[in-house]
Amino acid sequence: MKLRRLKKCLIAMAVASSLFLVACSNNDASSNNNDTSNSGEVTKNEKPTPVTLILYGESSARMSDFAENELHKRVLDEINVDLTIQYLPWTEYAGGKTELMLSSGEKFVTYTDTAFLAKCVAKGYYADLTDVYKDNAKELLANCGGEEAFDTWRVNGRLFALPFGNKPNAGENYLLMAREDILKDVGMDDLKTIEDVEKFWTLAHEKYPDMIGFSRGGINPLIFNGALDSDRNVFRLNGFVATDGNKLDSSEVWSYYESDEYRQSAEIAKRWYDMGMIPTYILSNGSQADAEFYNANALFTIGASYRVFEYQDIVNKVNPNVVFKNYYLGDKTQKPLMSRGAYSTAFAVSANVEGEELVGYVKLINLFQSSQEWVDFILYGVEGKDYNWAEDGTMEMINTDVLVDTWLPDNINFKRYPAWVTDEQKDTYENWNEGCIPQKDIGFAFDLTPVSTEYAQLQAVEQEYFNPITAGIISYEDNIDEAIKRLKDAGIDAFVAEYQRQFDEFINSKN
Amino acid sequence: MFQKEGYKKIRKKNKFVQQWPLYLLSLPGILALIAFSYLPMAGIVLVFKQYNFKGGIFGSPWADPIYKNFKFFFNNFSTAMRSTGLTAMYNILFFIVGTIFAVSIAVMLSEVSKKFFIKISQSLMFLPYFISWMVIGAILYALINAETGLLNQILRSFGKPAFDYYAYPKAWILILVIANTWQSCGYSSIIYYGVISGIDTSLYEAARVDGASKWQCILKITLPLLRPTIVILFLLSIGNMLKGNLNMIIGLTNLNPVLLPTTDLIDVFVYRSGVRNGEMAFASAISLYQSIFGLILVLTANKIAGKFDKESTLF
Amino acid sequence: MKLKTKKLSSDKLLIAFFYFLLTCISLICLFPIVFAIVGSFSTEAEVAKNGFTLFPKTLSLDTYKYVFQAQGSKLVNAYKNSIIVTVGGTLISIIVTITYAYVITVKDFKFGKFLAFFAYFTMIFNGGMLPWYLITTKYFGLKDSLLALMLPYAMNVFNMYLMRNFIKGLPYELVESAKIDGSGHFRILFQMILPLSKAGIATIVLFYALQYWNDFYLPLMLINKEKFYTIQYILYKMMANIQFLASNPSSSMASHITLPTQTIKMAITCIAIGPIILLYPFVQKHFVKGVTVGALKG
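Residue numbers (the numbering used here), protein chains in the order written: chain A, 1 to 511; chain B, 1 to 315; chain C, 1 to 298.
What the hints contain is simulated information worked out from the structure, not anything from laboratory work. Not one of these hints is a red herring.
Computed Cβ-Cβ distance ranges for the label pairs, DEER-style:
1. B:GLY306 <-> C:GLY182: 26 to 36 Å
2. A:PRO209 <-> C:LYS57: 17 to 27 Å
3. B:GLU147 <-> C:LEU279: 30 to 40 Å
4. B:GLY159 <-> C:ILE15: 37 to 47 Å
5. C:GLY72 <-> A:ASN388: 15 to 25 Å
6. A:ASP249 <-> B:THR148: 46 to 56 Å
7. B:THR148 <-> A:ASP274: 17 to 27 Å
8. C:LEU30 <-> A:ILE314: 28 to 38 Å
9. A:ASP190 <-> C:LYS57: 30 to 40 Å
10. B:GLY159 <-> C:GLY72: 46 to 56 Å
Source: prediction; values computed, not measured. We treat Cβ as the ideally placed atom computed from N, Cα and C, and that holds for glycine.
Please work from the sequences and hints to get the whole structure.
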């Protein structure tokens, strides 16, 4: 008896003292931060501002060397910023260690996407940039699409991330990207309808039985959007909610998985699966499918304007004849592509950064998109050491590593096309956004907090019951009733209602 | 009378003082436990809160309702129960099959005399433990996939049709048990092997004199002497009855929805409820559920073990 | 005096059977690893087409070249870090673990039961990543240093229980007789228990060494500066890209990630398990059967 009481007492003491200690440490952390920002203001012009930039992926030996030496020096000279670059594995993006670092108040800047932004702003993880960006991000404003581009990253009027890069990207994921070289090889010249695609597959499969159809990303029902029998230009706001992209002033939303458009998409996918266009192992062994794609063995993937360059660059190393092209299945005049404007990626600063330090951070991001010279510098390195100019004006790479991935600072104002890019491809890319309409949700970030439980439940249902239907593995008619029942049990109605409420507010405030 | 009490007091004090080396010896361990396990435990309070950055752990508001972070799991009661049941079932199967193999391997290794053979085979057997589940998954795919898998090629050569394991959830109960045993039997056998090494050889010599065969020696000496170890390992693992191995399922099945009816462990269900890019509190809440359940199980099992053999208890 | 015992024929049969079974199990354990080794020497193009096989058409060193080129000089530094962390960490852990294990085996120590529960409790309950991270980095300042990789795992309760189990297995008469002789706990522990529990110590040395060597979680959480990376962390980072894509095929970042290839997964595995094969034979000699007890009695 005594022993048990003793046990309980000690445990209680341990818990109590630890609560106390942790509370103290939080206070320590915040008081320390106040000190540094104060001292920063006093010694404004002398001490360089320390800035930590977090990137994801791998850093090669040359990259680390470059970051520590040439880049560091130039950044210091130009804007008096002491730059440190750190790398995290991709698994830690938008969660994992990144979230730990944000929630424990560390100071850094890293990239973000709209979904993660909404979540971080709701939790107070990001620094408010509204007051500092006008003065310190002038070049960014000019080169990355103006105030409109910044709107994507505003929540309730306050700015929380800086857009980076400038890519025309209307209709991202609504396109089908296919192997144009094989298309020509089997005697076709364009893919405009679902029947075209099926014909292409049959011909290509006969001629090249080893090739698979879809690989990277599997099937995304959005690619059927243009060709579906429906008046609505379905714009998927998130996995579960859709709206009509053509009706810019209407805030009506509906549940995507219960819609007729989803039914049609699922039926097409099932037909394609039975035809063999979608590999049977797409859900159990995604990396095999990816490997096939990178080895020029796949015919289709989900398209976006800039992906032509990204993927062709890699696949050309295996087969130099590969040419990719984006196709829109349907009629662009009826259902135009929708665009985020100049969306590319964005950088957000963690919440504890304030005052002069925050200015330093904003200046850094601005610097990397400020001129052709700077974009070349961070992408390609030092002239003479990492690359040389060839006679025809293109770059000859001595060193094939880059500091940042090419897609990150991709800015149409500063783009250098690799030698294999044809004029036709260049043309298509630069005029890509012509005829497109803006997305309805620019400037809107859905706050998940009121429905976070439902969202978690819905995602579990989506993954278990809907993904196989979407991928065409199981049939829509046999399985949709059970799936929708589960969806309802998980709270789809409450979720859509909440979304409708927030979206109404947003659209009305715009008008 | 007073003398007796006086003596009692002195004896108590002496005992306490006499034990001072023990306090000193256990101090590093106690400090390590407090620093890295007990202090962070304060964070369990986050499970009942709505964490935001400005408030920190202490200042964030309480969740509304207080059990909000548990709702997503228990709302879907049938899936929650399925997950709980699957996790418990697999843990029991893993323990039973794993122990049988580990003990058998340890016994066999200790009876065999060629040193070279022991070194090589033991090294080989415990390699699988260090291969990540993703790689094991890729190898498994190479073995059992319907198109090019080795197993199906053998089946075809016997005239039987290929079997798509990735579409048949029930098969995975066996596959997971085999995979888990393959991965851990060599490593676990080292524990038993170490214990067998510590057995007094005079026991065996005496038995041999009496004419006992090797098999009888194993049955009557080795195995009973291994029993306390098996019991301890059982008690240690029972606390984790509801904890599953997320990496194993992700690595082997890639969270293929078709296989979820038999692979949706609690950790897997939590993970695919968007926890990876959602709420940390959700994961911590369910972790607490797993822990409490485990604690109750261990306390019960420990008491029962104590009834049979006082030496075999954990505490 | 050693008694010559009759070798029963049933014994011989049994031993032969054991050899056979052990060989089978070893081969089954080895078989999938052979896939990995062969895979790491295959060309990516072939794996992409046909998946992994035991008999690839062409062999190549390209994958290894890529791995070493991509990380190059970092690997050497990382190996150095891994070795320091493994040796230092194992030493610290053994001291902490063995002393604690001894204390809870002492028979009439009332506090011992509580200490056992105190340790076990931490195996079940866990405060979560965030508090652990906050306390370790902010409160203890353990980040970006090799010490940060050595301290958090100082006490692994499972290993501690294993050690306790070994100590309990020793005959109690020895301890009793030492006590009658007037030895204090220090003497009992260092001069009696430790020499007798070689197998036990070897077991937990092995387990701890492997834990420190293989761990990538501590570098992931606590290390941001490259010069403190360990080998396993570098390898983990390479694999992390693949895992991210496996679980987030629709993430907005997914299309941007260039995969390290299928063969790289295998090459990384081979690089990681290589040192382990070399380590075990050295430790094996301490698992000597039934030494000691009789000798000490005399």
